[in-house]
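Those protein sequence lines, which keep their order, are chains C and E.
Just so we're aligned: 184 in our numbering is position 184 of the first sequence, and the numbers increase by one with no gaps anywhere.
Just so we're aligned: 337 in our numbering is position 337 of the second sequence, and the numbers increase by one with no gaps anywhere.
Don't read these hints as lab results, they were simulated from the structure.
Mixed in with the good hints, there may be bad ones.
Capping the alpha-carbon separation at 25 angstroms, the derived lysine to any residue pairs in SDA-like fashion look like this [stated by the list, open to error]:
1) C:Lys113 / E:Ala192
2) E:Lys141 / E:Val228
3) E:Lys231 / C:Leu212
4) E:Lys195 / C:Lys113
5) E:Lys141 / C:Ala55
6) C:Lys113 / E:Arg281
7) C:Lys113 / E:Thr276
8) E:Lys141 / C:Leu60
9) E:Lys215 / E:Leu191
10) E:Lys141 / C:Tyr195
11) E:Lys85 / E:Gln293
12) E:Lys231 / C:Ser37
13) E:Lys231 / C:Trp43
14) E:Lys231 / C:Gln93
15) C:Lys113 / E:Phe342
16) E:Lys215 / C:Ser56
17) E:Lys215 / C:Lys113
18) E:Lys306 / C:Ser37
19) C:Lys113 / E:Met177
20) C:Lys113 / E:Arg267
21) E:Lys306 / C:Trp43
22) E:Lys155 / C:Pro68
23) E:Lys274 / C:Leu212
24) E:Lys141 / C:Gly94
25) E:Lys141 / C:Trp43
26) E:Lys141 / C:Asn96
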Amino acid sequence: MVKDKSTWRVRDALFAMGVAAVMAAAPATAQTTQRPSDPHAEWDLEEQPGYQPSASEERLSAQWERQPVFFRTNEPAGTIVVNTAERYLYVVQGNNRAMRYGIGVGREGFQWKGLVTIVRKQEWPDWRPPPEMIQRQPYLPRFMAGGPGNPMGARALYLGGTVYRIHGTNQPWTIGSSVSSGCFRLVNADVIDLYERIPVGTRVVVRQAAEL
Amino acid sequence: MPASQIAAFTRTAALAAGLAGAALALAAPAAAQTLKAVKDRGTLNCGISQGVLGFSTIDDKGVASGFDVDFCRAVAAAVLGDPTKVKFTPLSTTDRFTALKSGQIDILSRNSTWTMSRETELGLAFPVVTYFDGQGFLLPKSRNVLSAVELTGSKVCVQAGTTTDDNLADYFSANGMKFEAVKVANAAEALAAYKAGTCNVLSSDISQLYGERLKLDVPTDHLVLPDVISKEPLAPVVRNDDFQWFTVVKWVGFALINAEEAGITSRNLPDAMKSTKPDVRRLVGQDGNFGQQIGLSRDWAAAVIKAVGNYAEMFERNLGTQSRLGIPRGVNQNWLTGGILFAPPIR
Chain C
1 MVKDKSTWRV RDALFAMGVA AVMAAAPATA QTTQRPSDPH AEWDLEEQPG YQPSASEERL
61 SAQWERQPVF FRTNEPAGTI VVNTAERYLY VVQGNNRAMR YGIGVGREGF QWKGLVTIVR
121 KQEWPDWRPP PEMIQRQPYL PRFMAGGPGN PMGARALYLG GTVYRIHGTN QPWTIGSSVS
181 SGCFRLVNAD VIDLYERIPV GTRVVVRQAA EL
Chain E
1 MPASQIAAFT RTAALAAGLA GAALALAAPA AAQTLKAVKD RGTLNCGISQ GVLGFSTIDD
61 KGVASGFDVD FCRAVAAAVL GDPTKVKFTP LSTTDRFTAL KSGQIDILSR NSTWTMSRET
121 ELGLAFPVVT YFDGQGFLLP KSRNVLSAVE LTGSKVCVQA GTTTDDNLAD YFSANGMKFE
181 AVKVANAAEA LAAYKAGTCN VLSSDISQLY GERLKLDVPT DHLVLPDVIS KEPLAPVVRN
241 DDFQWFTVVK WVGFALINAE EAGITSRNLP DAMKSTKPDV RRLVGQDGNF GQQIGLSRDW
301 AAAVIKAVGN YAEMFERNLG TQSRLGIPRG VNQNWLTGGI LFAPPIR
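With these hints in hand, go ahead and build the complete structure from the sequences.
Structure, rendered in structure tokens:
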């Protein structure tokens, strides 16, 4: 088992080196494409495995920072409420308040609503880009072991009965946006904070804007 | 006795005459046809502030923007079908109500708090609350305080002689907490004292605190607590002698709130026009005749949404996630998500 894992690590390192070479050749800017001018338009963004954001990139602007907010709900304390239209994730704390986190919502994040539970938690999850992502970016690694620079970020919380998860990101500037891939992403510092607060079995309520 | 009876009778007669006069005034259309006047003029005259970040500011090209500005654009879209047909007049706090009473402006959209005396003594009417403000607290994150009930022993900067000062004393006393009020003359002094460390909490209306936070060296080192300790319902204002106009302005506000609830945005409006859902169809004017009943076009609400978006879009653009202020929705959420924005249905 251990040996097998280390093999992956070596392969991953090779991938990362390849990616690093590509990154070095690319312009110094971290973002691969321009943010769309309409804040609600989907940002067609390429994955950047191996990219490690700087501390200043990881610092969110005030509106997306983790903060306590007024939040009145019938959901019991400890519940996670995700509001995709707002790009916020709330951890209900009772007494009309919640801890609020700015999120980026991937295309899959808009496709369902309702109640699920956290069934598994993972530190530094591995990454396996889905086939449609490989199609768009053929040079992507087929597998990347968890660690800094991994597009899945520092932590993942798996949502039971779905293929979806709440996870970190190595593209912190996507917080507050709608992006082409993934589900619900937080900056690594926030997903680590969330991971510490949230046990397996936590209820997650996903809210979408009303349908026309 | 007889003398006083006569006096009483005289007063009654005078009162009756006054009432008859008032009734006549109400019946007389000439004095109160704001809607017709705006349509004939082709421009809405809107009073705004002389500069309140997020609510109403004018840039160096003379273009007005902000939450209160957008509300007037929404009214212009509903009445004239064109959100650009607005003449904005910046007004001071002392001039704002007289400008409205004198007819210089048709509507005041200037972060004004709805109070009883403003309606009863000044002859004004507040059709709809657009932003529920209230007093709160700004403090350094390093204090590691997440709730106002943890503020005991704080030194709080507050403007002397204001309701803010009174509310502060009431709140600390009601919660059995000790505090020291550092009383200053104005907002600038309050901020200076906070920066200098003379106080370790700043208390003012929450919308103001987010603006003040931007003036600090590292804004994100400071936090506005979620607690709200007073009621400051901000609302547009009209004269109280024109019920039709009052109703128009009120329903523009309700349309914005209902549009968010129904999921109608400035972006998906074409889809909303084709929706089969009855509440969506009524709001965008595909079913029913709601606009014409108040002197507007059938698609008045669609024009509003096209111009400024729904309530959420208007909030986020000017005050929330897309603005530098970054004010959380808080109580200004729709009632379905735990806030107090609740608009009667359009049906």
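Structure-based check of each hint:
1. Among the hinted pairs, Lys113 of chain C with Ala192 of chain E is inconsistent with the structure: their alpha-carbon atoms are about 47 angstroms apart, more than 25 angstroms.
2. Simply put, Lys141 of chain E and Val228 of chain E have alpha-carbon atoms about 18 angstroms apart, close enough for the 25 angstroms limit, and the pair holds.
3. Between the alpha carbons of Lys231 of chain E and Leu212 of chain C the distance comes to roughly 34 angstroms, so the proposed pair goes past 25 angstroms and is violated.
4. Straight-line distance between C-alpha atoms of Lys195 of chain E and Lys113 of chain C comes to about 45 angstroms, which puts the hinted pair past the 25 angstroms bound.
5. Pair hint Lys141 of chain E plus Ala55 of chain C holds up; C-alpha atoms about 19 angstroms apart against a cutoff of 25 angstroms.
6. Distance check on the hinted pair: Lys113 of chain C and Arg281 of chain E sit about 24 angstroms apart at the alpha-carbon level, within 25 angstroms; holds.
7. Note on Lys113 of chain C and Thr276 of chain E: the hinted pairing holds, with a Cα-Cα distance of about 21 angstroms set against a maximum of 25 angstroms.
8. Restraint check for Lys141 of chain E and Leu60 of chain C: satisfied, since their Cα atoms lie roughly 15 angstroms apart, inside the 25 angstroms limit.
9. This hinted pair checks out: Lys215 of chain E and Leu191 of chain E have alpha carbons roughly 8 angstroms apart, not beyond 25 angstroms.
10. The hinted pair formed by Lys141 of chain E and Tyr195 of chain C meets the criterion: a straight-line CA distance of about 22 angstroms does not exceed 25 angstroms.
11. For the hint linking Lys85 of chain E to Gln293 of chain E, the alpha-carbon distance of about 23 angstroms falls within 25 angstroms, and the restraint holds.
12. For a cut-off of 25 angstroms, the pair hint linking Lys231 of chain E to Ser37 of chain C is broken: about 36 angstroms separates their Cα positions.
13. The hinted pair formed by Lys231 of chain E and Trp43 of chain C fails the criterion: a straight-line CA distance of about 40 angstroms is larger than 25 angstroms.
14. This hinted pair checks out: Lys231 of chain E and Gln93 of chain C have alpha carbons roughly 24 angstroms apart, not beyond 25 angstroms.
15. Among the hinted pairs, Lys113 of chain C with Phe342 of chain E is consistent with the structure: their alpha-carbon atoms are about 23 angstroms apart, no more than 25 angstroms.
16. Distance hint between Lys215 of chain E and Ser56 of chain C is fulfilled; the C-alpha atoms sit about 20 angstroms from each other, no more than 25 angstroms.
17. For the suggested pair Lys215 of chain E and Lys113 of chain C, the alpha carbons sit about 40 angstroms apart, so the restraint of at most 25 angstroms is broken.
18. Between Lys306 of chain E and Ser37 of chain C the CA atoms are separated by roughly 17 angstroms; this keeps the pair inside 25 angstroms, and the hint holds.
19. For the given pair, Lys113 of chain C sits about 43 angstroms from Met177 of chain E by alpha-carbon distance, which is inconsistent with the 25 angstroms threshold.
20. For the given pair, Lys113 of chain C sits about 21 angstroms from Arg267 of chain E by alpha-carbon distance, which is consistent with the 25 angstroms threshold.
21. Taking the CA atoms of Lys306 of chain E and Trp43 of chain C, the gap is about 23 angstroms. The hint holds against a cut of 25 angstroms.
22. Restraint check for Lys155 of chain E and Pro68 of chain C: the C-alpha separation of about 22 angstroms stays at or below 25 angstroms, so the hint holds.
23. For the hint pairing Lys274 of chain E with Leu212 of chain C, the CA-to-CA distance comes to about 9 angstroms; that is within 25 angstroms, so the pair holds.
24. A threshold of 25 angstroms between alpha carbons decides the hint, and for Lys141 of chain E with Gly94 of chain C the separation of about 21 angstroms falls inside it, so the pair holds.
25. Restraint check: the Cα-Cα separation between Lys141 of chain E and Trp43 of chain C comes to about 33 angstroms, which exceeds 25 angstroms; the hinted pair is violated.
26. In summary, the hint linking Lys141 of chain E to Asn96 of chain C is supported, as the alpha carbons are separated by about 21 angstroms, within the 25 angstroms threshold.
When held up to the earlier numbered hints, the structure conflicts with 1, 3, 4, 12, 13, 17, 19 and 25 and fits the remainder.
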